[in-house]
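Taking the hints into account, I'd like the entire structure generated from these sequences.
In terms of the numbering used here, the sequence shown opens at residue 3 and continues consecutively.
Treat the hints as calculated values from the structure; they're not laboratory data.
Everything numeric in this text was worked out from a predicted model, so none of it was measured.
Cβ atoms here follow ideal geometry from the backbone N, Cα and C, with glycine treated the same way.
Treat the hints loosely; a few may be bogus.
Simulated crosslink set (SDA-like; lysine to any residue; CA at most 25 Å straight-line) [what the hints assert, rightly or not]: (1) LYS104 x VAL10; (2) LYS56 x TYR25; (3) LYS104 x ARG90; (4) LYS56 x VAL102.
Computed spacing ranges between beta-carbons, pair by pair [unchecked claim]: (5) PRO17 x GLU89: 15 to 21 Å; (6) GLY112 x ARG90: 16 to 22 Å; (7) ARG90 x GLY26: 27 to 33 Å; (8) ALA11 x GLU54: 26 to 32 Å; (9) VAL8 x GLY34: 22 to 28 Å.
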Amino acid sequence: MEDWDVVVAHARTLPGVIMDSYYGSPVPKHNGKALVAPGREPDSFVMMIGAEEKAMLIDTDPDTFWETDHYRGWPAVLVRYGSGERERIEALIARRWWDVAKRVERSAFGPRP
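What follows is the structure, given as C-alpha coordinates:
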(Lines of atoms letter the chains of each structure in order from A and count residues from 1; the text may use other names and numbers.)
(Lines give C-alpha, C1' and ligand atoms only; values in the text may rest on other atoms or scores of the structure.)
Protein backbone atom coordinates (compact mmCIF):
# COMPACT_ATOMS: atom_id res chain seq x y z
CA MET A 1 0.00 0.00 0.00
CA GLU A 2 1.71 3.13 -1.24
CA ASP A 3 -0.40 5.76 0.52
CA TRP A 4 -3.67 6.48 2.28
CA ASP A 5 -5.61 6.79 -0.99
CA VAL A 6 -4.61 3.24 -1.98
CA VAL A 7 -5.60 1.91 1.45
CA VAL A 8 -9.00 3.61 1.21
CA ALA A 9 -9.53 2.40 -2.36
CA HIS A 10 -8.96 -1.19 -1.28
CA ALA A 11 -11.20 -0.91 1.80
CA ARG A 12 -13.97 0.59 -0.34
CA THR A 13 -14.02 -2.58 -2.49
CA LEU A 14 -15.42 -4.51 0.47
CA PRO A 15 -19.22 -4.82 0.66
CA GLY A 16 -21.09 -2.08 2.48
CA VAL A 17 -18.04 0.02 3.36
CA ILE A 18 -18.73 3.74 3.63
CA MET A 19 -16.62 6.76 4.45
CA ASP A 20 -17.52 8.27 7.80
CA SER A 21 -15.89 10.40 10.48
CA TYR A 22 -13.49 8.85 13.00
CA TYR A 23 -11.77 11.24 15.39
CA GLY A 24 -12.41 14.01 12.87
CA SER A 25 -11.05 12.23 9.78
CA PRO A 26 -13.01 10.44 7.06
CA VAL A 27 -12.24 6.71 7.20
CA PRO A 28 -13.67 3.51 5.70
CA LYS A 29 -16.21 2.01 8.10
CA HIS A 30 -18.49 -0.97 8.10
CA ASN A 31 -21.43 -1.31 10.48
CA GLY A 32 -20.23 1.81 12.27
CA LYS A 33 -16.74 0.42 12.94
CA ALA A 34 -13.53 1.82 11.48
CA LEU A 35 -11.48 -0.61 9.41
CA VAL A 36 -8.40 1.60 9.07
CA ALA A 37 -7.49 5.21 9.88
CA PRO A 38 -4.78 7.66 8.90
CA GLY A 39 -1.87 7.45 11.30
CA ARG A 40 -0.40 10.22 13.39
CA GLU A 41 2.89 9.19 11.79
CA PRO A 42 3.28 10.39 8.19
CA ASP A 43 4.69 7.09 6.88
CA SER A 44 1.97 4.77 8.26
CA PHE A 45 -1.72 4.14 8.66
CA VAL A 46 -3.60 2.47 11.53
CA MET A 47 -5.32 -0.87 11.15
CA MET A 48 -7.76 -2.02 13.81
CA ILE A 49 -6.80 -5.51 14.97
CA GLY A 50 -7.00 -7.76 18.02
CA ALA A 51 -4.22 -7.76 20.61
CA GLU A 52 -2.94 -11.28 19.91
CA GLU A 53 -2.80 -10.75 16.17
CA LYS A 54 -1.16 -7.35 16.70
CA ALA A 55 1.61 -8.87 18.81
CA MET A 56 2.21 -11.62 16.24
CA LEU A 57 2.44 -9.12 13.37
CA ILE A 58 4.87 -6.86 15.22
CA ASP A 59 7.00 -9.86 16.25
CA THR A 60 7.12 -11.47 12.81
CA ASP A 61 7.33 -8.40 10.56
CA PRO A 62 8.45 -5.27 12.45
CA ASP A 63 9.48 -3.59 9.19
CA THR A 64 5.80 -3.46 8.20
CA PHE A 65 3.84 -3.56 11.47
CA TRP A 66 4.75 -1.45 14.49
CA GLU A 67 3.40 0.75 17.26
CA THR A 68 4.23 3.84 19.24
CA ASP A 69 3.40 4.51 22.87
CA HIS A 70 0.23 6.22 21.67
CA TYR A 71 -1.14 2.90 20.32
CA ARG A 72 0.28 0.61 23.01
CA GLY A 73 -2.55 -1.28 24.68
CA TRP A 74 -5.06 -0.41 21.94
CA PRO A 75 -6.49 -2.90 19.42
CA ALA A 76 -4.71 -1.25 16.51
CA VAL A 77 -1.36 -1.56 14.76
CA LEU A 78 0.58 0.87 12.60
CA VAL A 79 1.29 -0.29 9.04
CA ARG A 80 4.11 1.31 7.05
CA TYR A 81 3.31 2.54 3.56
CA GLY A 82 5.33 0.96 0.76
CA SER A 83 5.69 -2.42 2.43
CA GLY A 84 6.18 -5.41 0.17
CA GLU A 85 3.31 -7.10 2.04
CA ARG A 86 0.41 -5.68 0.03
CA GLU A 87 -1.55 -8.94 -0.30
CA ARG A 88 -1.13 -9.68 3.40
CA ILE A 89 -2.29 -6.17 4.33
CA GLU A 90 -5.30 -6.42 2.00
CA ALA A 91 -6.23 -9.74 3.62
CA LEU A 92 -5.94 -8.20 7.10
CA ILE A 93 -8.23 -5.31 6.09
CA ALA A 94 -10.71 -7.85 4.70
CA ARG A 95 -10.43 -9.79 7.99
CA ARG A 96 -11.30 -6.64 9.94
CA TRP A 97 -14.32 -6.18 7.67
CA TRP A 98 -15.36 -9.78 8.33
CA ASP A 99 -14.93 -9.33 12.08
CA VAL A 100 -17.37 -6.37 12.15
CA ALA A 101 -19.77 -7.82 9.56
CA LYS A 102 -23.17 -9.19 10.45
CA ARG A 103 -23.73 -12.93 10.24
CA VAL A 104 -25.64 -12.67 6.96
CA GLU A 105 -22.83 -10.55 5.47
CA ARG A 106 -20.24 -13.11 6.57
CA SER A 107 -22.22 -15.90 4.97
CA ALA A 108 -22.40 -14.03 1.67
CA PHE A 109 -18.69 -13.14 1.83
CA GLY A 110 -17.36 -16.56 2.74
CA PRO A 111 -14.85 -17.76 5.32
CA ARG A 112 -12.81 -15.36 7.44
CA PRO A 113 -9.79 -14.20 5.42
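Against the structure, the hints come out as follows:
Between the alpha carbons of LYS104 and VAL10 the distance comes to roughly 21 Å, so the proposed pair stays at or under 25 Å and holds. At roughly 21 Å between alpha-carbon atoms, LYS56 and TYR25 fall within 25 Å of each other, so this suggested pair holds. The suggested pairing of LYS104 with ARG90 holds, with an alpha-carbon distance near 23 Å, which does not exceed 25 Å. Between LYS56 and VAL102, the direct Cα distance comes to roughly 17 Å. Compliance with the 25 Å bound is thereby established for this hinted pair.
For the pair PRO17 and GLU89, the beta carbons lie near 19 Å from each other, so the given range of 15 to 21 Å is met. For GLY112 and ARG90, the Cβ-Cβ distance of about 18 Å falls inside the hinted range of 16 to 22 Å, so the restraint holds. Distance hint check for ARG90 and GLY26: the Cβ-Cβ separation is about 29 Å, which falls inside the suggested range of 27 to 33 Å. Between ALA11 and GLU54 the beta carbon distance is about 29 Å. The supplied range of 26 to 32 Å therefore holds.
Taking the beta carbon of each, VAL8 and GLY34 are about 24 Å apart, inside 22 to 28 Å as hinted.
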